[in-house]
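This is what each chain is made of:
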Amino acid sequence: MTRLMGGLAAVAVGFLVLPVLALLPMSLSGTRWLALPPRDLSLRWYATFFTDRDWIEATLVSLRVAAGATALATAVGTLAGVGLARGRFPGRDLVRALALSPLVVPVIVLAVSLYYVLGRAGLVGTLTGLVLAHALLGVPYVVLNVEAVMRGFDVRLERAARILGATAWQAFRRVTLPVIRPGVLAGALFAFVASLDEVVVAMFLSGTSAITLPKLMWDSITQDELNPVVTAVASLQVAVAVLAFGGSELLGRRAARLALAAEGLPESGSAVPAPAGGGGSPARLDPAPLRLVRVSKRFGAVPAVDDVSLEVQPGELVTLLGPSGSGKTTLLNLVAGFEPPTAGEVFLGGRPITRESPNRRNIGMVFQDLALFPHLTVFENVAFPLRLRRVPEPTIRGRVGEMLELVRLAGFGARQPRELSGGQQQRVALARALAFRPPLLLMDEPFGALDRALRERMQLELRQLHRRLGVTILFVTHDQEEAMALADRIVVIDRGRLQQIGRPEELYEAPANPFVAGFIGESNLLPCVVIASDGARLRVRTDGGAELDVAPPAAGPIVPGTPRQLAVRPEALRLHAGGPPPPHALPGVVEEVVYLGSVLRYLVRINPAEVLVVRAPRQAGVRPVATGAPVQLEWDPSQLLLL
Amino acid sequence: MSRTGALRGLLPLLPLLLVLLVLLVYPVGRLLVSGLAGGGGLAAFRELATVPLYRDVLLRTVRLSLTVTLACLLLGYPVAYTLATAPRWLGAPLLVLVVVPFWISLLARSFTWLVLLQRNGVMNQLLQAAGLSKEPVPLVYNELGVYVGMIHILLPYMILSCYGVMRGIDPTLLRAAANLGASDWQAFRCVWIPLSLPGVAAGSVLLFVLGLGFFITPALLGGGKVTTVAVLIEANVREALNWPLAAALSCGLLAATVLALAPAFRLLRFDRLVAPR
Numbered sequence: 006m007t008r009l010m011g012g013l014a015a016v017a018v019g020f021l022v023l024p025v026l027a028l029l030p031m032s033l034s035g036t037r038w039l040a041l042p043p044r045d046l047s048l049r050w051y052a053t054f055f056t057d058r059d060w061i062e063a064t065l066v067s068l069r070v071a072a073g074a075t076a077l078a079t080a081v082g083t084l085a086g087v088g089l090a091r092g093r094f095p096g097r098d099l100v101r102a103l104a105l106s107p108l109v110v111p112v113i114v115l116a117v118s119l120y121y122v123l124g125r126a127g128l129v130g131t132l133t134g135l136v137l138a139h140a141l142l143g144v145p146y147v148v149l150n151v152e153a154v155m156r157g158f159d160v161r162l163e164r165a166a167r168i169l170g171a172t173a174w175q176a177f178r179r180v181t182l183p184v185i186r187p188g189v190l191a192g193a194l195f196a197f198v199a200s201l202d203e204v205v206v207a208m209f210l211s212g213t214s215a216i217t218l219p220k221l222m223w224d225s226i227t228q229d230e231l232n233p234v235v236t237a238v239a240s241l242q243v244a245v246a247v248l249a250f251g252g253s254e255l256l257g258r259r260a261a262r263l264a265l266a267a268e269g270l271p272e273s274g275s276a277v278p279a280p281a282g283g284g285g286s287p288a289r290l291d292p293a294p295l296r297l298v299r300v301s302k303r304f305g306a307v308p309a310v311d312d313v314s315l316e317v318q319p320g321e322l323v324t325l326l327g328p329s330g331s332g333k334t335t336l337l338n339l340v341a342g343f344e345p346p347t348a349g350e351v352f353l354g355g356r357p358i359t360r361e362s363p364n365r366r367n368i369g370m371v372f373q374d375l376a377l378f379p380h381l382t383v384f385e386n387v388a389f390p391l392r393l394r395r396v397p398e399p400t401i402r403g404r405v406g407e408m409l410e411l412v413r414l415a416g417f418g419a420r421q422p423r424e425l426s427g428g429q430q431q432r433v434a435l436a437r438a439l440a441f442r443p444p445l446l447l448m449d450e451p452f453g454a455l456d457r458a459l460r461e462r463m464q465l466e467l468r469q470l471h472r473r474l475g476v477t478i479l480f481v482t483h484d485q486e487e488a489m490a491l492a493d494r495i496v497v498i499d500r501g502r503l504q505q506i507g508r509p510e511e512l513y514e515a516p517a518n519p520f521v522a523g524f525i526g527e528s529n530l531l532p533c534v535v536i537a538s539d540g541a542r543l544r545v546r547t548d549g550g551a552e553l554d555v556a557p558p559a560a561g562p563i564v565p566g567t568p569r570q571l572a573v574r575p576e577a578l579r580l581h582a583g584g585p586p587p588p589h590a591l592p593g594v595v596e597e598v599v600y601l602g603s604v605l606r607y608l609v610r611i612n613p614a615e616v617l618v619v620r621a622p623r624q625a626g627v628r629p630v631a632t633g634a635p636v637q638l639e640w641d642p643s644q645l646l647l648l
Numbered sequence: 008m009s010r011t012g013a014l015r016g017l018l019p020l021l022p023l024l025l026v027l028l029v030l031l032v033y034p035v036g037r038l039l040v041s042g043l044a045g046g047g048g049l050a051a052f053r054e055l056a057t058v059p060l061y062r063d064v065l066l067r068t069v070r071l072s073l074t075v076t077l078a079c080l081l082l083g084y085p086v087a088y089t090l091a092t093a094p095r096w097l098g099a100p101l102l103v104l105v106v107v108p109f110w111i112s113l114l115a116r117s118f119t120w121l122v123l124l125q126r127n128g129v130m131n132q133l134l135q136a137a138g139l140s141k142e143p144v145p146l147v148y149n150e151l152g153v154y155v156g157m158i159h160i161l162l163p164y165m166i167l168s169c170y171g172v173m174r175g176i177d178p179t180l181l182r183a184a185a186n187l188g189a190s191d192w193q194a195f196r197c198v199w200i201p202l203s204l205p206g207v208a209a210g211s212v213l214l215f216v217l218g219l220g221f222f223i224t225p226a227l228l229g230g231g232k233v234t235t236v237a238v239l240i241e242a243n244v245r246e247a248l249n250w251p252l253a254a255a256l257s258c259g260l261l262a263a264t265v266l267a268l269a270p271a272f273r274l275l276r277f278d279r280l281v282a283p284r
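First to last, the protein sequences are chains A and S.
Start counting the first sequence at 6; every next residue gets the next number (the numbering used here).
Start counting the second sequence at 8; every next residue gets the next number (the numbering used here).
Treat the hints as calculated values from the structure; they're not laboratory data.
Predicted model only: the values in this text are computed from it and were never measured.
Glycine residues also receive a C-beta, built at the ideal position from the N, C-alpha and C atoms.
Please note: incorrect hints may appear among the correct ones.
Restraint ranges, calculated between C-beta atoms of paired labels, are given here [stated by the list, open to error]:
{"no.": "1", "chain 1": "A", "residue 1": "Q175", "chain 2": "S", "residue 2": "L104", "range": "19 to 29 Å"}
{"no.": "2", "chain 1": "S", "residue 1": "L17", "chain 2": "A", "residue 2": "A515", "range": "47 to 57 Å"}
{"no.": "3", "chain 1": "S", "residue 1": "L60", "chain 2": "A", "residue 2": "R69", "range": "40 to 50 Å"}
{"no.": "4", "chain 1": "S", "residue 1": "L134", "chain 2": "A", "residue 2": "A52", "range": "28 to 38 Å"}
{"no.": "5", "chain 1": "S", "residue 1": "L60", "chain 2": "A", "residue 2": "F94", "range": "40 to 50 Å"}
{"no.": "6", "chain 1": "S", "residue 1": "V40", "chain 2": "A", "residue 2": "G453", "range": "57 to 67 Å"}
{"no.": "7", "chain 1": "A", "residue 1": "Q228", "chain 2": "S", "residue 2": "P94", "range": "42 to 52 Å"}
{"no.": "8", "chain 1": "S", "residue 1": "G138", "chain 2": "A", "residue 2": "T133", "range": "57 to 67 Å"}
{"no.": "9", "chain 1": "S", "residue 1": "G231", "chain 2": "A", "residue 2": "A52", "range": "28 to 38 Å"}
{"no.": "10", "chain 1": "A", "residue 1": "L99", "chain 2": "S", "residue 2": "G138", "range": "56 to 66 Å"}
{"no.": "11", "chain 1": "A", "residue 1": "A76", "chain 2": "S", "residue 2": "K141", "range": "32 to 42 Å"}
This is chain S alone, in the form it adopts within the complex (with noise of 0.2 Å):
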């Protein structure tokens, strides 16, 4: 009977199963099998450890990807603890703020950047206004500009995954500190931050996973000079039609997805950014 009840509970779940089983784990497997199979595979790995040009961007990928994880940190945290704290009439619109652009187009986003960052765009007008500057600064086409557009699309997953835990914090816990002799900083330090860190971790895993995968903002605002792995599965596919390589470098990241986010898991709140409350 409760082997029936849980195939009964299965049910709803084979179209699920169906669509995952063709459309992600067959191809996947498929992509990795035909890839790698043969003496291809090996050969590509050891190329990806040896060559120097793929170490590079091997290494420029994982650099890049921390370091926007630390500046979304950096900028995200306070706006976190500021959406958690401030009083309702702020917190609302702030928190629309923060998930608007959020939903918009990826490409507009990165788009609207190329424009604002370019040799005569405003960001370079401002800075001569200001006298900074006398020539126009290289703001883009550049890891700077790829800097620019990654933290602006990863920024927002920080402060939800911070925001959905400090929303949990008894702000009671606040007041007890201070009655206990607690200054706002040391209440702050050994309190709030304490407590808000599985946001933290898990918000910093997810960023750091999604920053190795991407390819949008790297080939629009890097301008071709800034190759990541994603950059470069797609020229071996298209361009070089270099199958082994691309199977390899897509090995890699999932394996890099998994490993990363399999602890992690648990923790991430995906509902908290894609969910409505």
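Extracted from the complex, chain A is given alone in its bound form (with noise of 0.2 Å):
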């Protein structure tokens, strides 16, 4: 099969590859008659080409018509491809399909077209005519160009920088621009390479006055029988092509490797020094206040966020807290302004924020894959913000050495993002953040990417410097490990929605509801039916049919017949294999039993349709239970919550 394919894919190869390596020793041949292998050498069609009038000339034209087009197709058409990559609007597919045309509507429609009207315009056998004509067909070169480098591009690099205080001009000026730049070169390339080629358009518009390089080799082959000039000049084409081709594929390569660091893949392993105490003494921040009063946020009918007031208090470390999609990174980028919320107020330090753009918010942010800007070294991108708020040089690098020293990167400064590991990379981003003294940190779950103990280690690290500097922090993830080790509050959301709001361990023994109860640790879940009450005990039957002791909830009286669900951890379970039946207990029959070192999971089933997850100690020199045997499980009815 394979050699087949290739022996055909050879014929085919060597059919699309013959003419060009014929078209070398044809212009070297020293007779008018072209023929293969040339009789003589010359260079004497060469010597032509540089000598005549007429060619110099058509050169000249064709040079000045490539770089006017080129130019005016580079800016309109990379405006146009960052516009066409980032925009949803309506009619975007039409516009991108109209600017996309040129390379598929016939040639000769556009070119007699535009005879037809700019022969009115007098622009027939102009400079300008010729200008316009090929800049409409090298737009698509650099459309195309542009917007493959901008799919590689990170919106979050410009997010970082209107956060970091630029305006949305500085920021596409400052690091679109020059992160995509190899596609817009590359681009610029393609386009003039096309009008250095282009013939029908020229057959049009060249006229009598304007003739252009192809016209002149179109007009010597069709009237001057095979003038073998035209061989010297598509060789000398052919090499210009080739050097923009490479120039090309290194442009391109250039732009992958940049999208690449733009992505801030942190290497796992990397060796952390151990927090340190020392380093440096920086000013305490003054944090500020946030406060979210019944902020919604609506995608067309579906609620991110859906009024959710909150508050967080000056210098408190807050982690918020749902599984993924539960509009807690929107939440966030409310507060930042990457997003207006759709109703509702946010303020900061009591100042009213909500419409402010997010380069005025004066917000420290750390994104989730960091945007470390790929074209800017350690020390510039923590200068970054710096820069923008025209903070004088000695200031910067005092400011900067500070914080490098602050995050234990000291020395650091002249790396490239992407020469570090994934634990600088983090703190590298949280230097940035925090550069400017920001009253409030953002952290868009930033450790996700780490592995388990580098996560560990950053998280302590956090912990350490947010006692230091003081700053207000909103933390988002979706571990509940994480948010339980950083936070003094954790604010639980899903579905848009605040489920509860608390301290770790007020989450832990008083979930506020069924969904609280599972995200937070591990919970037994069952649903019930109050079925008896005497004031200091409920007595509950599970829909399985278990009967249950419970401590009434604090949260008002319960009707009997009401349904509800009974959240039971597995550690408020004790088993019981053999002896007497315990007062509080219920038969069951262990079904698994999972060994996790210090402690044993065992799943019990109590009846056919309920199994609980009981965990115990394991307890050194005592087997566990085997699988199958008979057990009962002891509760405590204070440990039991209803919800």
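Work from the hints to combine the two standalone chains into their complex.
So this is what it looks like as structure tokens:
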């Protein structure tokens, strides 16, 4: 199969390459009859090209037209490519199709149309007419190349620039443009080569006064009996095209590398020095309280954030915890100013900021993929927000040094972000977000990509940093362990709605609803009905038929007969194998035993419909209860929660 | 707010919209409107449909384009397959060989074929040396020459279109097919070909459309004997000054382009053709 295809492919590729290979020897032929192999080698056709006035003149016209058309196409196409890659607006596909249509609409139709219209405007036979027409033909190349690099471009880089203090235009000029520059140059190159090669449009628009090189070639072929100078010109064109193609390949590779670096792929397992207490003593920040009042955000009809009110005290570290798609990142984006809320107000330090653009909010932010600028050094990344604030140069140097020392990266200033390990990149992002001493720091799952050990290290460092700087921090995560390890208070959010706010132990011990009970730690959740109440005790029956005694919940009286959920923590149950049954106990059968080191995890079936998870500490010398063994599950009524 | 957001998103597109309006939409619209307005357009369309010479041109253009598309598919598919399955040391230079001709002047390539295929050119010398023919065979200034030139120019489009899709085919699928009992040929026929069809379809549509509008190659390699729609348009504008007929022909070409491409536009990955990766 492969051999057959390979053979056919060789034939096809040979056919493709043949004229290219034939061209050079042909151009070196000394005779006018263009035979192969060339009879007398000579450079006479090249000599003619470089000395004949008509050829020189045409070359100059072509170069000027190509330069003008390329400049115009590049300016227009770059803006358009960025706009198309990013914008979601009605008619986008149509605009894109129109912008690319010069690639597929027959050139003869374009040429005749332009001839008709430009002729009336007196532009046939002028450079202006040719430049305009060639620019139209060049635009698709620029648009496509810019779109291609924009696909690899992380929009968060621009958002990062915005929240660091850049206006939309500054963000485009200082971040987007440098990063996508290789694509822009590649597009310009293609537009230039295409213009140099354009003949159909030139046939109509050259007139008699602006004859381009391809037009002169065409005339030489059709009216001058295969003028061999054409082979010399074509050979030179091949050389230019090969150079251009090679150049664009290099640019493409550079673009790919920058895009890759922008993703900030952190390598795991990097050596991280132990957290140090020393390293300068930067000024404590002036923390501000954050207040959200009945904030909602809808995308179409879908509410991503639904009527959330929240207060974060100055200097507090609050985690925003929820499963993916719960709206926590949207909420963070509302605070940062990347999305306007559909309803509600956001206050920072008592000042309403709901309608302020991100660059004016003065909020620090560490992005999920860090969004370190791949075209800037570590030093320049950290200096970026300071430069935007026109901080004097000596102060910048001092502050950046101080920040790098704070995150223990002193001496790394000259490195490129991609030369750093994952943990080091994290710390650069943190230094950059804190460099302008923001009163509030937002963190969007910054440790998500790190391996477990490194993540725990970074959490510890963040806590220490927070204690030293006293900045207010809102930290988004989907990892409940991380939320508990970091937070003064945790905000649990699900499907856009606030579920519960509280200290970690409050959430664990008194979850407000089944979602929180299941999301924070592990819980057996059993649908049940209250069947009796004597004031001090409630008796409930689960759907599977088990009956248990429960302490009544703090939140008001319970009417017998109402359906509820019983939450039982796995460690609130005690497993007894053999011996007399304790007072509060359910009989069951062990279905599964999982050995987890210091604890054992049992799955115990208490009736045909219900299986409970039980966690028991492993006791040295005591064998775990075997699978299939009958057991008694003892519970303490005060440890069970009725939700 | 969302409305101003959308408007701000449109801002960078304004220069493009201006260029498209002034240099594309208005000129093409103007040509069609002034060429076809009044009774001239109707008469031109009637002429195209009834005059045998014009009917021949239309049919020839479609036939040329279809044949070229088919030939490019037969030649290009194996190349794409080889590119997609070959080891890197072979694939990378092969790709360069495919793409470099793509970027060489259309005029230069047509001209080179002209020289190679002419009466006493290399091809005829080879044919005679091999004893296949005593007389020089007319290889150019006829439809054969046009076929060679057009295939040469369009083949890279087909290769890249198929290759783009094939590169995304998971090689594990072929191993899975083999593991399930498929021979090489069966795996190719039942797994590879169906998965590569989007590239084949997109490439075929693109080639057919591009082929309809070809001008340089038929004009040069056809030696004035192979009149296509594009050649006819040029003659009517520059020599016969018959604007209504040129407008009617342009209208037909445009309609064919839009009708053929509109459904496939999303399938077409132009960036694979002109944007480096």
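Now for the hints, and whether the structure bears them out:
Hint check: Q175(A) to L104(S), Cβ distance near 45 Å, so the stated range 19 to 29 Å is violated. Checked against the hint of 47 to 57 Å, the pair L17(S) and A515(A) passes, with Cβ atoms roughly 52 Å apart. Between L60(S) and R69(A) the C-beta distance comes to about 41 Å, which sits within the given range of 40 to 50 Å. In this structure the hint that L134(S) and A52(A) lie 28 to 38 Å apart at CB holds, the actual value being about 34 Å.
For L60(S) and F94(A), the hinted distance range of 40 to 50 Å is satisfied, since their beta carbons lie about 48 Å from each other. With their beta carbons about 58 Å apart, V40(S) and G453(A) fall inside the hinted range of 57 to 67 Å. One distance hint, 42 to 52 Å for the beta-carbon pair Q228(A) and P94(S), holds here, with the actual separation near 50 Å. Taken as a hint, the range 57 to 67 Å holds for the pair G138(S) and T133(A), whose Cβ atoms sit roughly 58 Å apart.
One distance hint, 28 to 38 Å for the beta-carbon pair G231(S) and A52(A), holds here, with the actual separation near 32 Å. The given range of 56 to 66 Å is respected by L99(A) and G138(S), whose C-beta atoms sit roughly 59 Å from each other. In this structure, A76(A) and K141(S) break the distance hint of 32 to 42 Å, their C-beta atoms being roughly 57 Å apart.
The structure fails hints 1 and 11 (numbered hints given earlier, in ascending order).
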